[in-house]
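The listed protein sequences derive, respectively, from chains A and B. Quick note on numbering: my numbering labels position 391 of the first sequence as 391, and the sequence is numbered without any gaps. Quick note on numbering: my numbering labels position 99 of the second sequence as 99, and the sequence is numbered without any gaps.
Keep in mind that the hints were calculated from the coordinates and are not lab data. Please read all numbers here as calculations on a predicted model, not as lab measurements. Mixed in with the good hints there might be a few duds.
Dumping the calculated EDC-like pairs for lysine to aspartate or glutamate here, alpha-carbon to alpha-carbon at most 20 Å [stated by the list, open to error]:
| id | chain 1 | residue 1 | chain 2 | residue 2 |
| --- | --- | --- | --- | --- |
| 1 | A | K125 | A | E109 |
| 2 | A | K278 | A | E261 |
| 3 | B | K2 | A | E109 |
| 4 | B | K2 | B | E21 |
| 5 | B | K2 | B | D25 |
| 6 | B | K2 | A | D348 |
| 7 | B | K2 | B | E29 |
| 8 | B | K2 | A | D347 |
| 9 | A | K278 | A | D14 |
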Amino acid sequence: MTDRPGFHGYRRPDGRIGTRNHVLVVPTVICSSVVAERVAAATQPIGTAVPHLAGCGQLGPDMRVTHDTLAAYCGHPNVGAVVVIALGCEQVVAQSLAEAARRHGKPVEIVAIQSEGGTVRTTEKAIAIARRFAEALGAQPREWCDASELVLSLKCGGSDYTSGLASNPTLGRVTDRLVALGGTAVLGEIAEIMGAEHLLASRATRPATATKLIQIITRVETEARALGLDIRGTQPSPGNIRGGLTTIEEKSLGATHKGGEVAPLEDVVAYSAPITQKGLTVMDTPGLDVESVTGMVGGGAQVVVFTTGLGTPTGNPIAPVIKITGNARTARQMADNIDLDVSGIMDDSETLDAAADRLFAEVLAVASGRETSAERLGHREFAIHRRNPTI
Amino acid sequence: MKPILVISERDNVATALQALEPGRDLTLEGGMVSVRDAVPSGHKIALRMIRAGEAVIKYGSPIGLATAEIPAGAHVHTHNLASTRGRGDLEAPRLEPQPRLAEPPDERNGVERNGVEKR
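Same shape as in the complex, but just chain A (with noise of 0.2 Å):
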């Protein structure tokens, strides 16, 4: 053991390390969503599942979206093994989703409600096979694995004045460590980066990596001017316009902070894509929370640190979700969904260096089991991006 920080975790087959050892039930589609749940449910706290509205009747680009979210679940470090709840008619592919499992070194099976005969049959068969899987994985020991082996997922949400001033900067300190010492992080919501893309531009390895943040930037601008819309309204949110933002850019340069100060931009990358870059990647996601947590988990990110001035519950099925505020009020009104009170920045009580010692601390002991405040209250939300209408 040496003096480097880190954190006791699961390694896997494919050298990726776990933050949690989950058996992951996933459904195909709508149609065997509550049976993934009730599975999942008697299986609790290991068993977690994916539920989700799509599957089936989407076009291409949404299909492959639908299929390469639930398939990098199904490969993610934070899962020890993989239960898929199939219906037989829809256009996801269990087997391809058994596929993904396998490939990471997973053991995996699916069970279909049209071959077994319907929903008890399939309850009662999927959840003897998570129960046995359960018990394998209660078996695993973690061990030591040092920081850099953290993909840490950054994300703000209810924001207010707070977030710019405090939480957010407190979390880009502990991204600006967490990259020094070789590991990654990993910023979404395009939308809350526009009007501070200059700043995440400037540290940018490479001109290509550049140019193409600034590409799906003007590319959602483009979209909103194509389709009529208009981001106002719901950038900044009401809730962010009763808090004192007035406008997304000033939304968006307080929502940067998360990134850090001299953390390299090294990747841009499509949504749910993996992140293979040490260093700070860009994801092209949406502003909406859990669109946006569940494409960055979906990356690879086995933490989430979670930043927010007016309180918001929102978990995920498999990574831990840390939340930590810089507004006092919150952090007593919502005490039961924060982790981390940084109020102290605002009255001068704490400095941002201090804060971000403790954020630090935070993440290594959660990533080693510590318990969040959204993982205790069972949120796990999960929702997959999409883009078109159904067909």
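With chain A fixed as given, assemble chain B onto it according to the hints.
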């Protein structure tokens, strides 16, 4: 707690850290501003006169344009400040990727240091 926070020395607005009442005089580095409107905690106050059409600057970067003349000490919010980005009624701005490769991000460091740490 200080009544207002100026994040960058380039800023022409500050964030109120407590509710501000009209008539109150606030001391700034190198000057003073008299509160003109009631400003709720967390909202912005103009540090100097901002002309209509001029950029409102916070974190050292533009956060939109003034839609009316904003006197020093006035509340700055949706009634006198509008975004220029992501609008259905305006052409998306032509953004030029200009990575300053291998240069330290002085600007951003400056924002942070002048802002929160320096307090």
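- Message: Next pair to validate is K125 (chain A) with E109 (chain A); report whether the Cα-Cα distance is within 20 Å.
- Response: Holds, at about 11 Å.
- Task: Compare the distance between the alpha carbons of K2 (chain B) and D347 (chain A) with 20 Å, and conclude whether the hinted pair is satisfied.
- Result: holds, 8 Å
- Query: Within 20 Å, alpha carbon to alpha carbon, are K278 (chain A) and E261 (chain A)?
  - Reply: OK: K278 (chain A) and E261 (chain A) at ~16 Å, within 20 Å.
- Given pair status - E21 (chain B), K2 (chain B), alpha carbons within 20 Å: Holds - the C-alpha atoms of E21 (chain B) and K2 (chain B) are around 15 Å apart, at most 20 Å.
- Query: Is the straight-line distance between the alpha-carbon of K2 (chain B) and that of E29 (chain B) 20 Å or less?
  - Reply: Distance of about 13 Å is within 20 Å: holds.
- Item | 20 Å Cα cutoff - pair K2 (chain B), D25 (chain B) | holds, 13 Å
- Below or equal to 20 Å on CA atoms is what counts here, so check K2 (chain B) against E109 (chain A). Violated: K2 (chain B) and E109 (chain A) sit about 60 Å apart, past 20 Å.
- Mind checking the alpha carbons of K2 (chain B) and D348 (chain A) for me, to see if they're no more than 20 Å apart? At roughly 9 Å apart (the allowed maximum being 20 Å), D348 (chain A) and K2 (chain B) satisfy the hint.
- Are K278 (chain A) and D14 (chain A) close enough, with their CA atoms no more than 20 Å apart? Satisfied, since the Cα-Cα distance of roughly 17 Å is no more than 20 Å.
In this structure, the one hint that does not hold is number 3.
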